[in-house]
Each structure stands twice: as C-alpha cells, then as structure tokens.
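> Spelled out from the first residue to the last, the chains are:
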Amino acid sequence: MNASTHIAPELRSGSQILIRALEGNGVKQIFGYPGGTIMPVYDALVGSSMKHYLCRHEQGAALAADAYGRVTRKAGVCMATSGPGATNLVTGIANAFMDSVPVVVITGQVPTALQGTDAFQEVDIFGITLPIVKHSYIVRNVADIPRIVNEAFALAEGGRPGPVLIDFPKDISAGMGEVADCQPVARPVARFPEAGLLQAASDVLAKARRPLIIAGGGIAISDSVDVFREFAARTGIPVSTTLKGLGVIPTDDPCFVGMLGMHGNGAANHAVQNCDVLMVIGARFDDRATGKLSQFAPSARIIHLDIDPAEISKLRKADVAIVSELAPALEGIQPARKASASWCGQCAGWKKEFAWRYDAPAKGIYAPKLLRDLSRARPEGMTITCDVGQHQMWVAQHCRFTDPLEHISSGGLGTMGYGLPAAIGAKVAKPEATVVCVSGDGSIMMNVQELATVKRYGIDIKILLFDNSALGLVRQWQELFFDGNYSEVDLSDNPDFSVVANAFGIQSMAIEQPEEVSDAIDWLLNSEGAALLHVKIDPMENVWPLVPPGKPNHKMMKSNPAKGR
Amino acid sequence: MNHTLRIQLSSVEGAVIRALGLIERRGYSLNKCSVSESDGTGREMEVSVTSTRPGDLLKRQLERLHDVYHVELIPAVISNPNKPGARPITRKGALQ
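Heads up: the sequence lines are chains A and B, in that order. When we follow numbering that gives the first Met the number 0, the leftmost residue of the first sequence carries the number 0, and every step to the right adds one. When we follow numbering that gives the first Met the number 0, the leftmost residue of the second sequence carries the number 0, and every step to the right adds one.
Be careful, since some hints might not be right.
Said to hold, decoys possible - Okay, derived cross-link-like pairs now, DSS-like style, lysine-lysine, Cα gap no bigger than 27 Å in a straight line:
(1) B:K58 with A:K206
(2) A:K313 with A:K350
(3) B:K31 with A:K50
(4) A:K429 with B:K31
(5) A:K291 with A:K73
As the list claims (entries may be wrong) - Far from chain B by the CB rule (all over 10 Å, computed), these chain A residues:
(6) K50
(7) S135
(8) P183
(9) A185
(10) D307
(11) P308
(12) F503
These aren't lab readings, by the way, just hints derived from the structure by calculation. Keep in mind it's a predicted model, so treat the numbers as computed, not measured. Each residue gets a CB set at the ideal place from its N, CA and C atoms; glycine is no exception.
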C-alpha cells in the first residue's frame with residue numbers, strides 16, 4: 000500500500016505525528032488509559048480534535064472501542080500503556096478478533112534500547128497478541144508512523160474486519176522527525192463473485208425442495224442488510240440466523256424461523272435438520288450454531304457465501320463456495336423459482352409449534368417475559384448490548400430486533416464484562432439511540448468500574464441487571480450435566496447493586512415482583528440520564544431449549560427431565 | 000497426513016513467528032522448517048506439517064496474513080502417520 004499525496008514535512012515528535020495520523024483517518028473518539036510509556040502520546044493528545052474517554056480499566060477501553068467499531072463499521076480506537084496496560088487490553092482484542100470487528104489498538108512500549116531486558120512494565124504485547132490480531136506492528140522509525148497508522152486502519156476496516164495493534168516504543172513516540180503526513184490508503188479491492196458460481200448457486204436453489212438460509216454477522220459487517228432483505232423476499236427462502244445475524248430481517252418477519260443452535264428456537268433447528276439446500280451467508284459454522292457437526296443439516300447441499308476464503312470448507316464442506324463481497328453475490332444469485340409453498344408452510348408450522356411461551360408458572364419475575372415487554376415498550380431504535388450468560392441467550396430469544404446493529408453481543412469469545420463498556424461505546428458512537436445494557440449479577444462485576452466512566456461523561460445508558468444470585472449458565476450446566484454438583488456458582492452474597500449504582504452517582508430502582516415490571520420498564524426507559532434497574536429473579540430459572548453438548552441440533556432439551564421444568 | 004508448503008513472506012519483524020504460530024495453533028504439527036532470504040525484499044519459508052486437517056485450508060489461512068505474499072501447497076509424496084510429531088488434533092474446551 001502506498002501513500003498517494005504528501006504535504007510538506009515539518010519537525011514533529013512521533014506522538015504528534017501519530018495524533019495527526021489518527022485525525023487524518025477520521026478518528027473522533029478514543030477510549031484509553033494513560034501510563035508510563037504512553038505518556039508522550041497523551042501529551043500530544045491535548046489540544047487534538049479527538050475526544051478521549053478515560054475508562055477505568057484498559058479492558059473497558061478495549062471493549063468500548065469494540066462496540067464503537069460494530070456500530071459505526073469504522074475502527075474503534077483504544078490506547079493503553081505498556082505492561083499491565085497492554086495485557087489488560089488482550090481480552091478486548093480477542094473479542095474483536097473473534098467477532099470480526101474493526102479496532103485499532105495503540106500500546107506504549109518501553110524504549111527500544113530496553114526492550115528484551117525485562118524492563119519495568121515491559122511485556123511483549125506484539126508476541127502475546129499474535130494469534131488474536133488481524134495484523135500488528137512495532138514502530139521502529141518515526142518516519143514509518145503515518146504509513147503504519149494508515150495501513151492499520153485500512154486493514155482493520157477492509158475485507159473481513161479485525162483488530163490491528165500498533166506498539167510504540169517510548170523513544171519513537173518521544174523522538175523527533177521531519178515526516179510528512181500522508182493520505183489514508185485505499186481499502187483492499189473488493190472481491191466480486193464469479194459468474195459461473197452465481198449460476199451454480201442459482202441452479203442448486205432452483206432445484207431445492209427445502210431451501211433454507213442461515214444469515215450471519217457478515218451481512219451487517221458488510222452493510223448488506225438491504226440487499227439481503229431484497230434477496231430473501233425475492234426467493235421466498237425461510238431465514239434462520241446466527242446470534243450475530245439477528246435482525247438482518249426483523250425478528251417478527253413471517254420468513255424468519257428463528258436463531259439456530261444451542262439455545263436457538265426449535266423451529267430453526269428443525270428447519271436446519273430437514274432442509275435439502277442450506278445457504279450460509281456471512282457465517283462460519285460455529286460449534287454453538289451447528290451442534291454435533293457430523294449430524295448438522297445432514298441431507299443438505301451447502302452454498303457458502305463469505306468474504307474470507309479461509310472460512311470455506313473449514314468445518315463443513317461447501318458444494319458451492321462464493322468468496323466475495325456479499326451484496327454483489329446476493330444480487331447475482333437468481334434462482335428460476337421461489338421456495339415452495341409447502342416447505343414454507345412446514346416452517347411456519349414449526350414456528351407455531353415452537354413459539355415462545357410466557358405463561359409457564361414461574362416464581363417471581365420471568366426474565367424472558369420482561370425482555371419481551373421491554374422490546375414492546377420501545378419498538379424502534381433501541382440498541383441492546385449484552386453481557387454473557389443466561390440473560391444473553393434470553394435477549395437473543397425474546398427481544399425484537401429490526402436491524403442487526405440493535406443487538407451488540409459478544410458472540411465468538413463470550414466475554415463476561417462486555418455489556419457495560421459496550422453500552423458506553425455504542426452510545427458514544429450513536430448518541431441518538433436508546434442504549435440498554437442487559438447484564439447479569441456475574442457479568443456486571445467484571446467491569447463494574449465503568450459505571451464511573453458512565454457518570455463522568457454523562458453517558459445516557461440504561462442498565463437492566465438480572466440478578467439470580469448465581470453464575471446462572473454454569474449453574475444450569477452443573478444441574479443438567481454434572482448431577483447438580485454445584486461448584487463455585489453461588490453469588491448469594493452479592494452487593495446491593497442499587498446501592499452500588501448510587502455510589503457511582505447513578506440512579507437505581509430494584510424490583511422482584513411481576514406486577515412491578517411494567518412501571519419499572521417505564522421508569523428505566525424514561526428516566527433522565529443513566530439508570531440501573533435491578534431485577535431479582537429465580538436462581539433456578541434455566542434457558543430453554545438447550546442442545547446438550549455432543550448432540551445434533553434437533554435433540555433439544557426443553558426442560559430438566561429430573562424436575563420437569 | 001503430511002503437507003509441505005512453500006511460503007513467500009515479508010522480511011518484516013514478526014512475519015516468520017506469526018506464520019509459524021498460526022500453523023501450530025490451527026492444528027498442524029510442525030515437522031520441518033527452513034527459512035531463507037529470497038530475492039528482493041522477502042523471505043521464503045518451507046514447512047512440512049502433519050495434521051488430520053487439510054493442507055489447502057492451512058494454505059488459505061496463511062494467505063490471510065498481511066505479511067504473506069504467496070503460499071504454494073506442494074503435493075504430498077510420502078505419508079507416514081507414525082512419524083514422530085504426528086498427533087491427532089481434537090477440539091477441546093470448556094462447556095463443550
């Protein structure tokens with residue numbers, strides 16, 4: 000990649016050159032935390048056009064940058080010092096890598112002469128993060144800074160997005176050089192589909208008797224939602240989605256059969272197991288989606304569309320593989336006939352059979368019903384960020400989404416502690432949106448310090464905290480698969496989360512009775528500024544259905560056979 | 000199954016270890032490796048690996064790396080599953 004135009008060089012520090020290069024790449028917000036070796040960069044940051052959000056832990060900064068990248072499709076930027084600052088970013092970097100999120104990570108490093116001497120706060124963050132970055136750099140010359148920064152943004156955002164790390168030794172960031180800025184480099188050339196493969200896919204679909212689409216996160220990442228909806232409407236093929244694909248068509252659309260997989264809907268899992276052609280679009284056959292791989296969609300021919308050649312036939316052999324931008328591929332696939340009415344009717348029948356029910360007797364507040372009511376209370380323009388656990392699956396099952404960017408969830412890495420910093424990143428990226436963080440009593444404590452960030456910057460997010468006094472999903476697995484041998488899942492000595500919120504200067508409300516739900520949702524969504532709603536739920540509530548480990552998707556458990564619920 | 004790959008890559012810092020790390024982390028046991036300067040600015044690396052996973056998948060995974068210019072999968076001549084270093088790769092993990 001070559002820079003195209005230069006402006007005249009002037010004598011500047013490496014940090015000043017870095018700041019100018021970030022501004023040149025359109026960066027408006029940075030999430031970070033200062034420290035020893037990154038101090039020259041923070042010195043140069045003063046007076047820049049970018050707003051820095053001081054998070055209260057580097058992991059919070061990295062995860063906020065991740066959510067910012069998801070919402071804007073532009074690289075979120077996070078920054079930390081060397082050593083522990085850098086290692087604290089690692090979970091956030093891995094999170095972005097697993098979910099293909101554009102993030103540029105800037106780390107301070109000890110001066111070049113001290114590298115390799117076990118200097119104070121020295122770690123090899125370049126080496127530590129090699130398996131979880133799309134690419135990474137150690138800057139060795141001041142003159143390289145503009146090129147490296149520009150390349151980093153192009154790589155992070157281009158093709159299949161991902162995190163790119165730039166490690167800055169302190170002698171480089173403090174060093175001086177006469178270096179010209181250069182223009183951001185062009186993004187990688189788009190890949191277009193081969194005509195022969197489009198025809199092959201069209202032919203396979205035209206002959207299909209029971210075609211099904213699995214729509215993944217790649218559709219939102221590539222900004223192909225509209226094209227996808229046009230394709231789905233034109234072909235009439237029923238649509239299932241992965242966790243990250245939720246919202247590519249509205250979840251109340253008649254063509255939507257549900258999310259598939261471990262905690263997917265029965266209709267989706269039955270449709271997948273019975274289809275004869277499976278069109279997988281921007282998804283990667285994750286084990287949580289497929290269940291037992293050898294029995295996944297056993298009679299289906301596979302059409303796989305993805306931008307990443309390395310995803311083709313990685314886990315399931317593709318009969319037709321199209322490596323390309325999704326939009327031109329979807330526009331070019333034109334089957335000669337629509338999906339059959341009888342098959343669509345069968346899918347509709349499964350939808351009816353496996354429709355969620357909210358009338359089961361439950362002790363206290365039933366979280367799935369509350370989430371359904373939350374969606375109904377704010378049908379348009381609500382972004383939900385999730386933590387990880389039972390509540391995350393309940394959100395995926397029971398909230399209504401009309402766009403994939405309304406659902407920000409840690410899919411691949413499953414990062415507890417994601418929800419709160421993700422809400423910060425999403426709200427900063429999209430100030431006009433109502434942003435609700437749905438969390439659990441386990442997850443919230445993983446990054447609870449970010450309540451201080453929420454308060455400091457007046458970030459108007461709403462936190463819905465389900466508290467079952469346990470690590471609920473692990474407890475559920477211990478109940479079902481470890482003979483009820485509960486090991487280290489009890490959180491009955493949780494702090495009073497309402498008081499915790501108040502201590503950070505955030506208003507709160509606590510409920511534990513079903514009749515309080517309606518007013519509480521109203522309070523949460525309409526209160527001015529950040530607010531936390533603490534909802535006590537039954538500690539023994541489980542997520543259903545569940546595909547047990549090692550089983551195919553249609554062998555779902557709908558209740559605990561030992562207790563019938 | 001043995002696979003041999005010839006990898007043209009950049010000589011920048013980290014390029015070789017990034018490629019070697021990927022090979023092992025993606026489930027391919029490294030049997031032999033040689034690295035040499037190639038003409039121009041890059042390096043050439045030849046690796047021999049063993050895995051139950053296909054060689055062309057490793058080729059595509061290596062080609063994703065920004066530092067890697069070109070990967071050639073050399074057709075296997077000898078396959079000896081008893082060779083030292085040949086170990087089955089299984090997917091293991093929490094809650095699986």
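> The structure should be examined with respect to each hint, and the outcome stated for every one.
Outcome of the hint check:
Using a Cα cut-off of 27 Å, the hinted pair K58 of chain B and K206 of chain A is violated, with the two alpha carbons roughly 33 Å apart. Of the pairs offered as hints, the one joining K313 of chain A and K350 of chain A is violated, with about 31 Å between alpha carbons and a cut-off of 27 Å exceeded. Taking the CA atoms of K31 of chain B and K50 of chain A, the gap is near 50 Å; set against the 27 Å cutoff, the hint is violated. Between the alpha carbons of K429 of chain A and K31 of chain B the distance comes to roughly 51 Å, so the proposed pair goes past 27 Å and is violated.
As the CA atoms of K291 of chain A and K73 of chain A are separated by approximately 36 Å, the hinted pair breaks the 27 Å bound. Its beta-carbon lying about 30 Å from the closest one in chain B, K50 of chain A satisfies the requirement of being farther than 10 Å from that chain. With a least beta-carbon separation of about 7 Å from chain B, S135 of chain A fails to lie farther than 10 Å from that chain, contradicting its non-interface assignment. The non-interface label for P183 of chain A is consistent with chain B: the shortest C-beta to C-beta separation is roughly 17 Å, beyond 10 Å.
Against the 10 Å criterion, A185 of chain A stays outside the reach of chain B, whose nearest CB is about 15 Å from its own CB. The beta carbon of D307 of chain A is not kept farther than 10 Å from every beta carbon of chain B, the shortest such distance being approximately 7 Å. The Cβ of P308 of chain A sits about 5 Å from the closest Cβ of chain B, inside the 10 Å cut-off, so the non-interface label is violated. Listed as a non-interface residue, F503 of chain A keeps its Cβ farther than 10 Å from every Cβ of chain B; the least gap is roughly 32 Å.
The earlier numbered hints that this structure contradicts are 1, 2, 3, 4, 5, 7, 10, 11.
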